[in-house]
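Visitor: Could you slot chain B onto chain A? The hints should help.
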Amino acid sequence: MASDGSGVVTVYGNNGAALLEPSKQPKSATFSVKVGLAQMLRGGVIMDVVTPEQARIAEEAGACAVMALERVPADIRSQGGVARMSDPGLIRDIKRAVTIPVMAKARIGHFVEAQILEAVGVDYVDESEVLTPADDAHHINKHNFRVPFVCGCRDLGEALRRVREGAAMIRTKGEAGTGNIVEAVRHVRSVMGDVRALRNMDDDEVFAYAKRIAAPYDLVMQTKQLGRLPVVQFAAGGVATPADAALMMQLGCDGVFVGSGIFKSGDPARRARAIVQAVTHYSDPTILADVSAGLGEAMVGINLNDPKVERYAARSE
Amino acid sequence: MAVVGVLALQGSYNEHMAALRRIGVRGVEVRKPEQLLGVDSLIIPGGESTTMAKLANYHNLFPALREFVGGGKPVWGTCAGLIFLANKAVGQKTGGQELVGGLDCTVHRNFFGSQLQSFETELSVPKLSEKEGGNNTCRGVFIRAPAILEVGPDVEILADCPVPADRPSITISFGEGTEEEVYSKDRVIVAVRQGNILATAFHPELTSDSRWHRFFLDMDKESQAKAFSALSISSSSRDTENLPKNKPLDLPIFE
Numbered sequence: 258m259a260s261d262g263s264g265v266v267t268v269y270g271n272n273g274a275a276l277l278e279p280s281k282q283p284k285s286a287t288f289s290v291k292v293g294l295a296q297m298l299r300g301g302v303i304m305d306v307v308t309p310e311q312a313r314i315a316e317e318a319g320a321c322a323v324m325a326l327e328r329v330p331a332d333i334r335s336q337g338g339v340a341r342m343s344d345p346g347l348i349r350d351i352k353r354a355v356t357i358p359v360m361a362k363a364r365i366g367h368f369v370e371a372q373i374l375e376a377v378g379v380d381y382v383d384e385s386e387v388l389t390p391a392d393d394a395h396h397i398n399k400h401n402f403r404v405p406f407v408c409g410c411r412d413l414g415e416a417l418r419r420v421r422e423g424a425a426m427i428r429t430k431g432e433a434g435t436g437n438i439v440e441a442v443r444h445v446r447s448v449m450g451d452v453r454a455l456r457n458m459d460d461d462e463v464f465a466y467a468k469r470i471a472a473p474y475d476l477v478m479q480t481k482q483l484g485r486l487p488v489v490q491f492a493a494g495g496v497a498t499p500a501d502a503a504l505m506m507q508l509g510c511d512g513v514f515v516g517s518g519i520f521k522s523g524d525p526a527r528r529a530r531a532i533v534q535a536v537t538h539y540s541d542p543t544i545l546a547d548v549s550a551g552l553g554e555a556m557v558g559i560n561l562n563d564p565k566v567e568r569y570a571a572r573s574e
Numbered sequence: 211m212a213v214v215g216v217l218a219l220q221g222s223y224n225e226h227m228a229a230l231r232r233i234g235v236r237g238v239e240v241r242k243p244e245q246l247l248g249v250d251s252l253i254i255p256g257g258e259s260t261t262m263a264k265l266a267n268y269h270n271l272f273p274a275l276r277e278f279v280g281g282g283k284p285v286w287g288t289c290a291g292l293i294f295l296a297n298k299a300v301g302q303k304t305g306g307q308e309l310v311g312g313l314d315c316t317v318h319r320n321f322f323g324s325q326l327q328s329f330e331t332e333l334s335v336p337k338l339s340e341k342e343g344g345n346n347t348c349r350g351v352f353i354r355a356p357a358i359l360e361v362g363p364d365v366e367i368l369a370d371c372p373v374p375a376d377r378p379s380i381t382i383s384f385g386e387g388t389e390e391e392v393y394s395k396d397r398v399i400v401a402v403r404q405g406n407i408l409a410t411a412f413h414p415e416l417t418s419d420s421r422w423h424r425f426f427l428d429m430d431k432e433s434q435a436k437a438f439s440a441l442s443i444s445s446s447s448r449d450t451e452n453l454p455k456n457k458p459l460d461l462p463i464f465e
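Chains as they are written, first to last, in the working numbering: chain A, 258 to 574; chain B, 211 to 465.
Residues on chain A that point at chain B, a partial pick, calculated with CB under 10 Å:
1) Q282
2) G293
3) K352
4) Y381
5) D541
6) I544
Derived by calculation from the structure, the hints in this document are not laboratory data. Here a beta-carbon is modelled for each residue, glycine too, at the ideal position from N, C-alpha and C.
Extracted from the complex, chain A is given alone in its bound form (with noise of 0.2 Å):
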């Protein structure tokens, strides 16, 4: 928990003193090693994973981290009920199996999930609207913890607040465990499409557009100047196929999420194999049709015009 013993919340973008005085004291859980190590999985697929022999295909497709979960999203909406955070002793043991990076999800405005998650090592905490949210006003703030955060968004607003509240990481909502990339489009299309119709506006506009996409004005100016959002980007909730995964990096992505897609298919070692490489080659529709060959059965997919399938990224906002 609170870090750095100044007794005060490190704030984005300013470590305070240490800037105008360079300390030799070695410093962690600042912002720029939270965000460090995101920068470090851009180009890559992040895998959920069940138990430690899913994690090690996983590893050994080459993803370039996994993420530690008791269901599947797609078994979390077969089965119901209220999902919560996994065993931590699972989440040891898939530590244990792998050398890369290890996440886990924690509720949205479980703080002591993410405690709980922190002790336990992992080196990212996704809070998650595809577990049931705990908090339905109140997202955690990440800027209590040593551990970085990914936090879900559905359009650009929506991302800042996240950024705002310690996220070091976005990712695009999707709608997990559907197998049907409409959703991630559609997220995806409003982050960059937002962000493009920033980047053309006057300065004097910003100020009422941070205030209708209800965003802290410093972060939508920010944005306007990269021309991106100012953390890394990924994409998640419905990638299947080797083509959706090499989908959302042509539309901008940095890397994606891949969940229920892997394990939920016929062949799961063959797969994650091949999204990877698609994820690399992203451009190059000639390696996208030998590694999308011969996959075998993907998985099954939830049309999403049925009115009775639960909308998990409408959970937060």
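Guide: Same frame as chain A, but now just chain B:
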């Protein structure tokens, strides 16, 4: 003008490209063996070394990379790139991983522990500042970083750093359970040079300090001056990859 290749399989290759742009150097992304022919030097970025090794394997990059390093062209590995270049790595995943090799040293893959032990610090770098100016420290960002346990006689040490007190103690097993020892020194090597191979355990590409990139480019110039009489500089068969229209822009540098 020299063309710098950046191995773009996975990891912080965008950051290296941005760092090269900041000092006015042309970088090209390298994903296939034939693309190595068009570049004069190569940066192997940070990332997940197992992932990068898998991807290099899928597209048969290892022979071409070994040839590139063996041919004496300048190569710089940061973090995962350091592991790639090392002759020997310990602390790897079950079954190990393929390495390019060429740098006479032993690397521990995850010496500094997991993300909670990741840190940044001011490193003392007299040899860098002697050559590239500036003050004699640089900002070192260590992300789940490796470290160099031992170096051969031809390897020049450019920086070391104190072993953090909260780091979990590490037992190093050499080979098939022959001997095990605990790393007991209080400092560990984090930057080295051997001829045209440069390696850093930290990430200069995540900082605004471009001296390491300039240092690397100067290595290239030195070797080019030597080779100049023998070879006309190839007007390169690099493919001008047209960038996808929504290519993400650079991330900010976090101070």
